[in-house]
Amino acid sequence: MNSALKGRLIALRPAIFRHEFILLLVVAVEWFYFNSVGSRFGSIDNTFDILRHSVEIGLIALVMTPVILTGGIDLSVGSLLGLCAVFFGKFWRDFGFPIELAGLGALAVGAAGGGLNAWLIGSMRLPPLIVTLGTFSLFRGLAEAMTHGVDTFTNFPARFLHLGQERFLGLPAQAPVFLFTALFTWVLLHKTTWGRSCRAVGFSREGSLYAGLPVARRLAGVYVLTGVVVGLAAVIYTSRLGQAKADAGTGYELFAITAVVLGGTSIFGGTGTVHGTLLGVAALAILNNGLVHARQPREVAGMLTGLLLILALSASALPRLAGRMLDRLKAAKKQNQRNL
Amino acid sequence: MNRCLSWLMIAAIGLVTGCSKSAQKSSTDGSKPDAGKKLTLALMPKSKGNAYFISCKQGADEAARELGIDLIFDGPTDPDPAKQNEIIENWITLGVDAIAAACENKEGISTALRKAQQKGIKVITYDSDALPDARMFFVNQATGEGIGYGLMDEAARLTGEEGDFAIITASLTAANMNEWRKHIEARLSSKYPRMKLVATRPCDDLKDKAQSEATALLSANPNLKLIMAICSPAVPGAAEAVKQAGKTGLVKVMGLGLPSENKNYVKNDVTQSVILWKTVDLGYLTVQAAAAVAKGELKPGAISFKSGRLGEVEIKGDQILLGKPFIFNKGNIDQFDF
Amino acid sequence: MKKFSRELAVAGTLIALLLFMAVAAPSFFHPRPLLSLLTREAPVLVLACGVALVILTRQIDISIGSQFAVCSVCAGLMMAAKIPLALVVPATALLGICLGTINGLLVAGLGLPSIVVTLATMVTWREGLRWLRQGQFVTLPENTQWFGLGQESGQVLLVVASLLILAGLAWGCRNLHAGRRLYAVGSDAEAARLAGIEPRTVTFFCFAFMGMLCGMAAIMNVVQSPQVDPKSGTGLELRAIAAVVVGGVSISGGRGTLWGVLAGVLLLACISPALTHLHVAAYWDKAIQGAVILLAVMADGLQNRRRPAGGKEH
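Chains as they are written, first to last, in our numbering: chain A, 1 to 340; chain B, 1 to 338; chain C, 1 to 314.
In short, the hints are calculated from the structure, not lab data.
Just to be clear, a hint being listed does not mean it is correct.
[Claimed, not checked] Output of the computed footprint for chain C on chain B, the stretches with three or more beta carbons under 8 Å from beta carbons of chain C: (1) 39-50; (2) 203-216; (3) 230-240; (4) 243-250.
Everything numeric in this text was worked out from a predicted model, so none of it was measured.
Glycine included, C-beta positions come from ideal geometry on N, C-alpha and C.
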């Protein structure tokens, strides 16, 4: 074997153990398994189903990535989705806004919600976990208070419902929005200094401060961005369902966090990738969809998700552990040699 | 280098599976099944892990065995409204012959059900309805109005048509309970002017939370005469609260619940009436009706329908009626084990 | 005094709320319903104490609700099978320890982040339990309610038991080696290791202990009514964690006392009944709960403005 090729292969070795690669294998294994078990699994219709069902949650997971990269977390995203959906319905039905303006209104509400998180976490320097735990209740509570829990908004115009339910250029209509946001987030996090400073803040807040990075502004920006994208997800959700209700988006935050962590982003911040998150979303979406085709009940999906999360994390922890054990063995060996 | 590898592999998978499957027609037209093929019926509860729907499943399984059809029973484990739609869309792709769904969100689920109908899948609803154009029939244990009025009338009978009462519901967003509440309040204002609804509290479908809410209600409203629990875990929860507060007999408890969960309370006069319907029969009738619709034996416009061991069942318009709600009380509760 | 300023602030808020209720809705203070409220909150207090210990070591455990549910159902099934209570209690505690050990092995042994591990175990236990029980209640035999002691005595027993556990743990945190180790590991794990305290051992035992407390809280819950609802743990983890943080335990570890947790649990538990007594419509509940949590956290933040942030916050 010629040495240049050998060199390339050796350089490739760490890549094989990279988290995203393992996740890619998981996605592939899932795909092939469900293909063999379910007759209609691999069809175009089903693939579009998977895509359509994962757009809103995918958007939230995408935008959760910079949040977790900065070492924070946002548990309020699901509740904010519900609040934006309710406001969207209210703007359109009760205030009489044209649907496009109501959509912008939903984005504005999302930005405001994100802004509250941003102010408390960025400026007041409160811990993100507990702040977003508070806003998790607050946003859902506001949505329920506005509708008294009972009110729902429906009968949206057909051209609006087209976004969530019909096709555009052969793909589900919400797919271009998702692809654009994915690309935008990828460029933002991997190619801009904004993204790099997010990683720096997550890696060491103190260090970033001393390096002159505008930490408070960066944190604020991350949460506001999250809010805006959640507003967008709320609009797409309402269009897909044809209905806006106060309990929209219940449970989405945990799914998003699972997808992001599955994708290899460290929950402590500092490392992570957008394509990892996308793979995480894909792995979970395929799992949920495939199990229906495999005629398994929903609960199995939940249990397998938990198991998958642990296995994926353990798999990336193993090289580190193995390294540690090897080091210890080497040290012990050296000690023995010295003693001899 | 690593990233390139990732993208390459994703593209490779896409190509391989796309090529292999696009040849296979993804037709999900559920046209009349061939004579030898088994019918596949998909039954959806409002949510899984709910004892009420499990008892419906008992009847459904019985009917499926009798008719020799394949029954899929699945539903959301999450409270998110969109989950029901996602499962239905998965079933459309799976190519089931008929769907019978208990709808959490009337308008929301109709979006998915209409799609199913467009693909030739027969759709009926049971327990909670969708919009009429999204399904062929609604298997109703009783109309929403019937349930609401029935609850209010029973409450009035127990309190002598006067006094304060409170309602414990599952969550403020639960669609069919909100419909019942609407009818309860309408009946209250039109027929029982000397009764007053002082509070409506949600219990999130948890027995323990219902007990806490009932305890607070009892102490906040000293003139409370009755607690109406319209979500099934709330009935034993409220009863336990009344018992622990020492107000057995002073504050009546009634509601929509399963007889098995309330036996002891009914026998000890803590709970006066538990209203429900024979959920096993509801499940049985739903599967019978769905199978008949899928085979083309039951068509719109029919006024009655022969459903196995239940005999001739009345059809009013597009509603297949199970019959009247059943009141479980001290005298008959032992006969039921669901 | 300054050291306990956080706990005093929460206690102050609680007292202010109680004074307000005394004026606006005195019916809140009827002894029997109040005792019932405290009894229902006793298991939550025990869970909150446990999760406070976990948070002190700079970890978190969001699977306590699911562990609680699993232990409750198993305890219920054992009691329904006529196994005597004297055996059921240690068996449930042991089951709790096993569940906690799984968390502990993954976090301490493999070094995985606790929030993710406990997220995974939470989902796994919850879905598994739902699959097995399908929502069906477990009916308990007649004489098991209140340990067979009758309602009044049983309620007082449970409340006193939870307070004793709290007091015992609070004393232990301050005076036992094990307790001090928690604070050490939570403040700075590396410094603790250099001082001879192995953080991973402390973390492991902390999770196992949390599991045992889940088992005990489950027993305390199960004996309060004649049926066990398999959904009983829903939302408990968020309530417990919110109560802990509202009570002044820092989420980044190393700071806080269990007395603050008591104030936090009581404050959050009183909100919903207070609203019922004030005849406020139910749809304001969640918004007000969220606002209270945020205000409590903001008060914490304003107070610590000048304290430099050490290491990673979460």
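(message) Can you confirm whether chain C covers the segment 39-50 of chain B, using C-beta to C-beta distances below 8 Å and requiring at least three such residues?
(response) Holds: 3 residues of the segment 39-50 of chain B have a Cβ under 8 Å from chain C.
(request) With a C-beta cutoff of 8 Å, work out whether three or more residues of the segment 203-216 of chain B approach chain C closely enough for the coverage to hold. (result) The restraint on the segment 203-216 of chain B holds, since 10 of its residues have a Cβ under 8 Å from chain C and three suffice.
(message) How does the segment 230-240 of chain B fare against chain C when you require at least three residues with a CB closer than 8 Å, holds or violated?
(response) Our answer is that it holds, as 3 residues pass the Cβ test (under 8 Å) against chain C, meeting three.
(message) Please check whether the segment 243-250 of chain B has three or more residues whose CB lies within less than 8 Å of a CB on chain C.
(response) Coverage by chain C holds here, the residue count being 3 at a Cβ distance below 8 Å.
Consistency note: the structure conflicts with none of the earlier hints.
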